[in-house]
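Here the protein sequences line up with chains Z and V, keeping their order.
For what it's worth, our numbering labels the leading residue of the first sequence as 41, then goes sequentially.
For what it's worth, our numbering labels the leading residue of the second sequence as 9, then goes sequentially.
None of these hints come from the bench; they were simulated from the model.
What you are looking at is a predicted structure, and each value in this text was computed from that prediction instead of being measured.
Even glycine gets a Cβ: it sits at the ideal position worked out from N, Cα and C.
Any given hint could be a false lead.
Unchecked claim - Just a few of them, taken from the derived set where beta-carbon distance is under 8 Å, the chain Z residues facing chain V: (1) V56; (2) T58; (3) I61; (4) V62; (5) L69; (6) F72; (7) A73; (8) P187; (9) W190; (10) V201; (11) L205; (12) L206; (13) P207; (14) A209; (15) T299; (16) V335.
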Amino acid sequence: MSRSARIVVLRLAGAVPTLLIVALAAFALLEFAPGDAVDAYLAETGGDAGYAAELRRRLGLGGTAWERLAGFLLSLGTLDLGRSVVFSRPVVSVIAERLPNTLLLMASTTLFAAGLGLLAGMLAGARPGSWRDRGLSMTALAFLAAPNFWLGLVLVVAFAVSWPLLPVAGLRSLNAPPGLAAAVLDTAWHLVLPTIALGAGYVALYLRTLRAGMITAWQADHVRAAQARGVGDGAVLWRAVTRPALLPTVVIAGQNIGTLLGGSVVVETVFAIPGMGRLAYEAVTGRDTPLLLGVILSATVLVLAVNLLVDLLLARLDPRIGAADA
Amino acid sequence: MRDDLLGRAALTIEGLIGLSLLMAAAALALAAPLLLPGDPFDIVARPLLRPLADPAHLLGTDRLGRDILAMIVHGARPSLMTALSVAAVALGFGMAAGAVAGMLGGIADEVIMRLADAVQTVPSFVVALAVVSVLGPSLPGLIAALAISAWTAPARVVRSEVLRLRGAAFVESSLLLGRGRIPVALTVVLPNAVTVALALGAVIVAGALLSEAALSFLGLGDPNRPSWGALIAEGRQVMRTAPHVIIAPGMALFVTVLAVSLVGEGLAKALSKQTS
């Protein structure tokens with residue numbers, strides 16, 4: 041079996057119990073909730089007990105808890121997540137509609153945070169302990185402490201009132217010019233502020249990880265050997281110190297996919313982006329149990345999938361990972 | 009050994025600044041009823057007063073004419089209480105789970121670590137959202153919602169410490185005295201892993217402060233208590249003309265989280281000096 045295949049098999053085998061635990065825990069939690077989606081729905085529209093029972097039967101919310109659990113697990117097997125009460129549509133189709141926007145936001149945030157964070161991390165790690173390093177490290181700590189939803193609102197105030205330069209809501213303009221290139225540019229323009237609000241903290245994470253790796257690398261024998269051989273400073277910094285320290289930063293990208301999704305809940309709310317994060321919030325406020333279960337499960341699958349991709353990427357970058365005798 | 013570590017953490021620049029900021033915030037939170045007596049939700053002046061415009065209301069008023077400084081100071085206590093309780097619960101449970109998993113090994117280890125894997129896979133804020141919506145925005149509900157995801161990091165750290173210490177002479181001798189593995193794990197091995205887990209406490213407190221604020225920002229907090237997140241959410245309606253209503257509570261949250269992170273940084277520095 042090739043290394044990649046072995047990693048895929050191992051990861052998938054580990055994913056099954058994880059998914060099962062998450063599904064059972066989420067189901068048990070929502071069983072505890074006082075009142076269900078039908079109560080919340082009828083509170084707005086009104087209706088008698090017969091109508092409520094009929095709705096529950098149609099939505100798979102009737103019967104005993106065990107019957108509901110059995111129905112839930114059976115439909116999971118067929119990738120059917122039930123019907124959303126708030127949207128009156130299958131949960132799968134609602135999620136499929138929202139997911140691309142969140143993936144877009146997550147991708148742009150990761151690019152922004154990794155780009156800026158690694159650049160700053162290299163500047164800081166090039167001379168650990170210098171004033172430049174201290175300044176950058178302190179700034180990073182401040183970035184980590186800034187609440188993302190507040191940063192988003194401050195950006196909205198700055199760019200909607202003081203300098204109306206950038207769009208502060210949604211992902212597309214209503215009067216966008218025609219053509220694919222124009223549409224891409226329009227969306228990228230809309231992504232600038234949400235990306236900064238969501239990504240600021242991650243800039244700090246990349247910076248700190250790269251810097252810590254570089255500090256370790258400076259003490260390694262191969263660095264001193266390169267310096268003794270008379271290799272130029274720039275080449276030592278890039279090839280002997282920075283490059284080996286880049287590997288752990290790939291892990292950061294995978295590890296933080298969950299917190300990125302969590303952060304998108306508030307950032308999507310602030311910037312009115314119709315994505316998965318705001319969907320989680322809408323499911324909670326609408327007491328939409330099937331939808332909330334669906335969001336939790338698909339978020340879990342997304343995290344597992346990204347971690348698998350990161351593992352494969354790491355294996356490609358580092359031949360020691362997944363080797364047969366490791 | 010532990011007091012020593014705290015002392016040395018306080019001697020780093022980060023630890024010193026963080027600790028003083030944190031003590032100032034805690035003092036304000038505790039003295040809130042004395043400094044600014046009365047209900048912080050009372051309407052005391054004309055709405056949307058600018059900061060410094062009236063010396064009686066230093067940070068101005070919100071759109072209903074309530075004193076922003078009073079709401080911020082009164083909001084500090086619930087926020088700090090929640091975050092500290094989350095850290096206490098998460099550290100207590102996580103360290104115990106890690107110690108038991110490392111000491112017993114086998115099936116217990118497998119079950120605990122699988123559970124930790126599963127918990128770490130679901131985005132913690134989505135979990136918090138779901139748990140708060142079920143348990144309600146009471147203090148115990150909030151603590152449960154945030155601690156349920158936070159215990160895994162201390163569990164992992166303590167487990168690997170226990171694995172390292174398991175064969176040590178003082179552990180072996182306790183076992184040979186005929187004490188059970190779990191009591192030995194909790195009373196003999198665990199105290200040696202406390203310092204490592206302590207630095208994680210700061211990370212958990214900072215994260216809990218931010219998550220709690222985000223929950224109340226989304227309207228899932230306790231509406232009867234002033235809270236920084238809810239203040240920011242209410243300020244949204246008028247922030248374009250009166251940005252001070254969101255800037256002041258946001259700064260309070262930011263400075264508090266920064267102070268906690270600085271203390272954590274100081275602890276981590278003192279810890280790395282100790283081990284190297």
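F72/Z as chain V interface residue, shortest Cβ-Cβ below 8 Å:
At 5 Å from the nearest chain V Cβ, F72/Z passes the 8 Å test, so the hint holds.
Closest C-beta approach of A73/Z to chain V relative to 8 Å, hint status
Holds: closest Cβ of chain V sits about 4 Å from A73/Z, inside 8 Å.
Proposed interface contact between L69/Z and chain V, which counts if any beta carbon pair is under 8 Å:
This hint holds: L69/Z lies near chain V, its Cβ roughly 6 Å from the closest one there, short of 8 Å.
Given a cut of 8 Å on the nearest C-beta pair, is the interface hint for L206/Z held or broken against chain V?
Violated: closest Cβ of chain V sits about 15 Å from L206/Z, beyond 8 Å.
Under the criterion of a CB-CB separation shorter than 8 Å, is L205/Z in contact with chain V as hinted?
violated, 15 Å
Minimum beta-carbon distance criterion (8 Å), V335/Z to chain V
holds, 7 Å
Grab the minimum C-beta distance from P207/Z to chain V and call the hint holds if it beats 8 Å, violated otherwise.
violated, 15 Å
Answer holds if the nearest beta-carbon of chain V is closer than 8 Å to that of T58/Z; otherwise answer violated.
With a minimum Cβ separation of about 5 Å from chain V (threshold 8 Å), the hint on T58/Z holds.
Can you verify the interface hint for V201/Z: is its Cβ closer than 8 Å to any Cβ in chain V?
holds, 5 Å
Is the hint on I61/Z kept, meaning its closest Cβ partner in chain V is under 8 Å away?
holds, 4 Å
Using 8 Å as the Cβ threshold, decide whether A209/Z counts as touching chain V.
violated, 12 Å
Cut-off 8 Å, beta-carbon criterion: hint that V62/Z touches chain V
With a closest approach of 5 Å, the V62/Z hint holds.
Checked against the numbered hints given earlier, this structure breaks hints 1, 11, 12, 13 and 14; the rest are met.
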